[in-house]
Amino acid sequence: MDRRLRLRGTEDEPLLRSLRHTGRTFYVFIAALLIIMGWFLYAWYIQLTQGLGVSDMRTPVGAAWGVYIANFVFFVGIAHGGIALAAAIRLLKLYKYLPVARIGEVLTVISIMMAGLSITIDMGRPDRIFNIVMYWPQRVGWSSLSWDVTVIIIYFTLSTAYLWLTMRKDLVLCSTKFPRLAWIYKPLLVGYRADEEVKIERMAWWLSIAIVFLIVMLSGGVVPWIFGLLPSRPGWFSALAGPYFLTAALGSAFAMVIVIAFILRRVYNWQTQIGPAVFKGLGTFLGIITLFYIYLILAEQLTMNYAAPIAELLISEKLFTGEFAPIFWPMLVLGFFAPAMMFVVQTVRSEWFSVNRTFLAAIIISVAFWIKRFLIVVPSLLRPLLPFPEGTYDPSWLEWSIVVGVFAIAILLYTLFLKIFPIVELSEE
Amino acid sequence: MIDLLLRLTDSSIPVDAVAAEGAAEFSGSGTIGFIVLAIIIGPVVLLTLAAMFGAPRNFRIPGLFVGSVILLIGGLVASLAVIGRLLQFIVPQ
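Taken in sequence, the protein lines are chains A and B.
The opening residue of the first sequence carries number 1 in the working numbering; numbering runs sequentially from there.
The opening residue of the second sequence carries number 1 in the working numbering; numbering runs sequentially from there.
Hints in this document: simulated from the structure, not taken from any laboratory.
Heads up, some of the hints might be wrong.
What the hints assert, rightly or not - Now the stretches of chain A that chain B is said to cover, found in silico as 3 or more residues with beta-carbon under 8 Å:
1) 116 to 127
2) 160 to 170
3) 183 to 197
Where a beta carbon is used, it is the ideal one built from N, C-alpha and C, also for glycine.
For reference, chain B alone in the conformation it holds in the complex (with noise of 0.2 Å):
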């Protein structure tokens, strides 16, 4: 990185060659996100898991659950293309 920093302020290179270099090196870099998910959702994975399969048994609502989870999750991800699109529509493109 200190490298890169060095041949950012060197100018006979091109910029946006170095620029670019950066942001490749930077973003295929990047595992700590995954380890700060995973602290994150394991234990509600976990919690999630007990409260659908701890007593007294049912399956039936545990379903439902998890059918609610997927709509919802669907949905915001259906509602963010849909608002994406219709923005398009009055942002100037």
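Okay, chain A solo, but in the shape it has when bound (with noise of 0.2 Å):
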């Protein structure tokens, strides 16, 4: 607890920095933001008009899945590792990383937000998407998507009032330093007083507990059987689904906590505040996850490499020699293991240590966990289950401007919660 309360009371001011001072270059920044935003409304706007015919995704020929499950996966992944760290944070005492733990929380929210809005544009018809409530009591005895709409409501939920509550003596601080935004504070700070720390601080303790274990039974659990309870399609029915996409978003998190971190350290002059022995142990963390995804790529291929339907077997030529080789190879190599190699030895020798190495490490780490996702949901779904032939799958220009809009409308959210509220925990002045 003494360093939490050194962070609080020494450190007040150069942590308000995000909300006080805002440049010409924020301004630029938002205006590109707004303009790909732009852009994606534009796409998208075809695609619901047009239909998903305007995509490359196909059926029976082709994938029916595509970039934007990719995506959604990606999004989901990101979002659970983001809030394990805040809740590692409480449970274990590791308040050397406590300035790290909102911007694990807010990537968090903005995550789920993001793979909510990923799920709505790969419906072909998004104007029926209450029937997911309305059907929902017919449908939850059965299907895997009932569930995972069941558990990303219950995470989203539990993880915002989580980031509220804790967030809320900072919000008191903000309100008389900012009274220009006290109309925004005002509202989340209803009831408040200034006893309830105890109680909150017990509270966050228990919570935490409750999110690690729905990240379990969400990043390990209900996603992975949306595609590993599909019995009949090779390179998705498997057991190893759950641990493997909850490794994934791990890692893919823990590294988008260091990519995001170290922006802010660069942007805000935050050196002091977010330390190179931050980097260093989420690094540390980062190469063995990856290492351990490594460990599972490889069990799973083996395995389909043996395995009775030969299906597998087709589906594991793909990505080692087949038409996803030229990705599959260079993520393996370049995207995981180089990186989480160098991990390993600036863990083993201190002096080789680079925050710079980390942050360029921990930015390929999340490329490739994304191309992962990729790998995970195409090649599995060209190859056809009744006798059509092959397809193939090139996403249009309208599915990658949509991807890219949608991470455009992810970065403009969390710029804007930076310039609103204290992305680091304040002092108690």
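Using the hints, put the two standalone chains together into the complex.
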């Protein structure tokens, strides 16, 4: 707790830089994001009015799911690891990482929203989206998609409530320092009393356990079961799907937390507040988890090569030597193995540690994890279950525009949060 | 289920009727989802109750927490309805 009090007691003003200073670069950055978002809306409008035929997703010949579902799995993944870090800090008293706790919490909330948006975009008739609620009682008995919606809504609710509760004390300080934003802070401070911190800390501790449990059950449960419970789909029907997805979720989220923490550190001169030790610890964990993920890829591919149904072998061949090999091997070697080894080396030899290299490796791993989601979704769908010819999938400009647009919206929301709320816990002053 | 599949291969039986029967049989028989959700939601509910009613006793913060949860879930459901309604103006009906 000492570290926590020290952080709170002495480093208040620098941590408000994100709210206080708004330069010209910020407005240019926001304008660029808005332009991308406008392009995204244009692309989605075309898809809404002309149907999913404008994408390259096809059925039964081709892939019925593509980059939108890869995006969904990616965002669900980073949503889990972000708050997992915050929960671990609270449960294991890892106060060294406290400066990045809220970075992870906000990442979680925004990523879940983007996951929901990605699914909506993938729907053929998104105007019927309310049917998810209307027909929930009939579907929930057997549909893994219904379980997914249920658990994601619970997870989103708990994560947002957790973020709100743990942020209330800082909002009191913000409302005095930034009266122009008081209209936002005051509703969030409803019923506030100065002595509530003790109860909130205890509640947050219990909720951390609930959230960690939900992460395992969501990223290691209902999301992989969307794929893993389809018995006749080669490459997906696997008991390994749960641990596989969970590991990827934690890896990609920790990579994203490193990336965001590095950018904030650089932009707001938080070299003291988010010290090198934070990056070193996160990097070590990311290295271990990425190596473990490589082991899971190996275990999966080996089993597929010995599986009785030949379709499993054919999917594996698509990755090893087929049309996806030019993506698969660079992803495995350059995207996962090389950065993971870099983390291992800088853990063993402290003098080789570099914050910049940690950031670079985290970006590479993030991209590799997105590619891996694509390689989970698409190759399995290209092989038809009935005697149709084998299809291809080459995402259209429209699909790429939408994917980039979703990322732009996520960055925009994160940036707006930064300008309104403190992203690192403040002092008690 | 095997019987249904065999009947689907029989060209003398109208496929629509068999498919409808199959769908009804399948959707009516599912209970595993309730077990899965009970396994997931049960511990979460218990832990949340522990968070609310555990020491130190204070009913104001748990009240606010429950209020925020209800607001968020209600807001999500309402936003799904609004989004669906708005999209009806864009998607050709």
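Hints, one by one, checked against the model:
1. 116 to 127: Held - the segment 116 to 127 of chain A has 4 residues with a Cβ nearer than 8 Å to chain B, which meets the minimum of three.
2. 160 to 170: holds (count 4)
3. 183 to 197: The restraint on the segment 183 to 197 of chain A holds, since 4 of its residues have a Cβ under 8 Å from chain B and three suffice.
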